[in-house]
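One letter stands for each residue in the lines below.
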Amino acid sequence: MRDVLRHHLFWPVAALVALLVANTVARPSFLAVTVRDGHLFGAPIDILRTTAPLLLVALGMTLVIATRGIDLSVGAVVAVSGAVALSHIASSPNPDSPVTVLTAIALALVLCLLLGVWNGFLVSVLGIQPIIATLILMTAGRGVAMLITGGMITTVNSAPFKVLGSGFWLGLPTAAVLAFGVFAVVAFVVRRTALGMLLEATGINPAASRLSGVRSRTLTWTVYAASGLFAGLAGLLISADTMAADANNAGLFIELDAILAVVIGGTALSGGKFNLSGTLVGALVIATLERTVTVLGISPLVTPLFMALVVIAVTLLQSPRMRERLTAARRRQVMAPAEPPSTARPDSTPDSTEVKA
Amino acid sequence: MATSAPAPGAAPTEPVAPKARARKLPVRLDRRYLPVLGTFVVLALMLIVGGTRYDNFLTPAVISNLFINNAHLIVLAVGMTFVILTGGIDLSVGSVLALSTVITAALLQAGLPVAVVLPLAVGAGTVIGLAHGVMIHYFQVQPFVATLAGMFFARGLCFLIAPESIAIDDPSFVALASWVQIFGEWRMTSSVLIALIVVGLGFLVLHFTRFGRTVYAIGGGEQSALLMGLPVARTKVLAYVVSGTCAGLGGLLFAMFSRSGYSLTGVAMELDAIAAVVIGGTLLTGGTGFVLGSVLGVLVLGLIQTIITFEGTLSSWWTKIVIGVLLLIFVALQRVLSLRRT
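Quick note, the sequences are listed as chains A and B, same order. When you line the first sequence up against my numbering, it's residues 1 to 357, in that order. When you line the second sequence up against my numbering, it's residues 358 to 699, in that order.
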């Protein structure tokens, strides 16, 4: 049991360490953190800041995936959130007033929560497959965001809003403090109460958990709403970083990055057991990878290639078959007699049945 | 069910109940055809509304252009149908399409003959599809993750080969691309011809071969297919190979259409392909659906674009909103149908 647990975090952490080592070799000052104007500066701090939006989205995604779902709409929700907040600030007479900014933030978050509730309604009440239910909002959401901004890139100047993206709090980037804070609170709530276990029960067997008194429907609905809310918050951080709402490109592919973060962290897309600390490591791996590519002087356009290689490596190492091989090798072919003698397709039969069982 | 060949895989969803219900209908109609019929009705409605609202809408030129502009998407949707029928998904088709255009353009620029370049470009798709199949079946990586990795891989490879757009001016390729057959006012380009051939092949393979029936059977229930002794491993891998090959071919058609290879083509095109398949009545859980439905789905998507262009005053983002609403309607429709069935 402990072996398996170690396995879950071993490969992602190894990937993170490998990336950090590669960076330090390429640029020895990489890990150095300096204090300037009372704030912390340096590549690691920067990575924390760029991880923030991804971490929030991945947090919601982990909870959704735990219930056997998936939320493809988060990228579109990020775009909607930025569009709403910045349009409100841009149209107000006084963009620098904290009241305006707070109203804008509240508006954006409430709308994103509603979008999440909509997804949850489609999945939990109408029983539509999550991938399709959220695909609807993924397609339509960017259209809505463009509708809000009128197809333009809305830019604003507002000091209080800018703090969200590039400000500092207690020497640390506000965005990072906010994201890690939310993460810690959610992790605490999920793991120190029965909520996490109930989520896992829903993901492992919705019917059985309902029969044993778990309110699967409400739980499922809640995680989609939460995912929408977190994506909205991520959208605010992203738009505050650039101070622009770009309906086409804000949060583009963030749903894929978030799913990758979850998968790298060892949570299976098939639902059930989830691993929030893994997601944290996964998000850091992705942010560090993007950073590494620039540090190594490779064109950022090739980043997807490295991303693919890391994902393939991590998922293959985590795949049941590979684990089986590893344990088999360790136990000196204890598993071998279990394999059928058939030579035509020796792989299909034992695998599929074992996974079901 | 007694009708000749189509879809033995639909059988697992209780063959008894629909028969009893079907008797109530005046015309005996298999429930499996209802979603496709819905797509057809939407398509007809759009044509009628467009035809009454705008002059020159229901003309051969507009309809020909609908096919010419969407030939590559038709090919992608055919491949995607195979994968979705097995209960999987292929997110990589947009990037593989881009990779194929880039390979075509780069190799032609290097001076290789067309006869060598075309198989290589399509073959790249086949190889990526094979890799997906192996990862998914033998390493049990979820289709979503495996093809997501493939998507990033192909996109990154595109940039590695050619960061900038490459124009294609190879005379024989241009001749192939600009081949056109004119029947009265109807026009058919080489890419439309290829797309139609692919649709025909897809139809034949799915309904009249053992491989096709196994595809439906796997979608209906992988365990049952396995217990029936069907070659699940080979078929599942082959479905991804088909999808990858179709994406490679789609890239060729797109290269013919745009006469260039560019790394950023086909971003989010996999979503269009998936949307077309879903609107065409294929269930994402696998087992039910038709290639011809997917073609209708592509035409619906294309018509939305055409109507918005004709309308003139509507901005482009309405396309996305309308596609989203249509998806919602079709998914709700499928949901209602499947609820009644059980």
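It should be emphasised that the hints constitute simulated quantities derived from the structure, not laboratory data. Quick caveat, the model's predicted, so the values are computed rather than measured. Wrong hints could be hidden among the right ones.
[As the list claims (entries may be wrong)] Simulated restraints on C-beta separations:
#1 B:F565 with A:F188: 31 to 41 Å
#2 B:R591 with A:V13: 31 to 41 Å
#3 A:A26 with B:L487: 55 to 65 Å
#4 A:L269 with B:L487: 43 to 53 Å
#5 B:L671 with A:R191: 44 to 54 Å
#6 A:L269 with B:V531: 36 to 46 Å
#7 A:A26 with B:V484: 47 to 57 Å
#8 A:A26 with B:S672: 37 to 47 Å
[To be verified] Stretch-level coverage of chain A by chain B, calculated; a stretch enters the list once three of its residues show a Cβ under 8 Å from a Cβ in chain B:
#9 218 to 226
#10 251 to 265
Positions of the beta carbon are idealized from the N, C-alpha and C atoms, including for glycine.
Tested hints:
no., hint, in the structure
1, B:F565 with A:F188: 31 to 41 Å, "violated, 59 Å"
2, B:R591 with A:V13: 31 to 41 Å, "holds, 38 Å"
3, A:A26 with B:L487: 55 to 65 Å, "violated, 35 Å"
4, A:L269 with B:L487: 43 to 53 Å, "violated, 22 Å"
5, B:L671 with A:R191: 44 to 54 Å, "holds, 49 Å"
6, A:L269 with B:V531: 36 to 46 Å, "holds, 45 Å"
7, A:A26 with B:V484: 47 to 57 Å, "violated, 32 Å"
8, A:A26 with B:S672: 37 to 47 Å, "holds, 46 Å"
9, 218 to 226, "violated (count 0)"
10, 251 to 265, "holds (count 4)"
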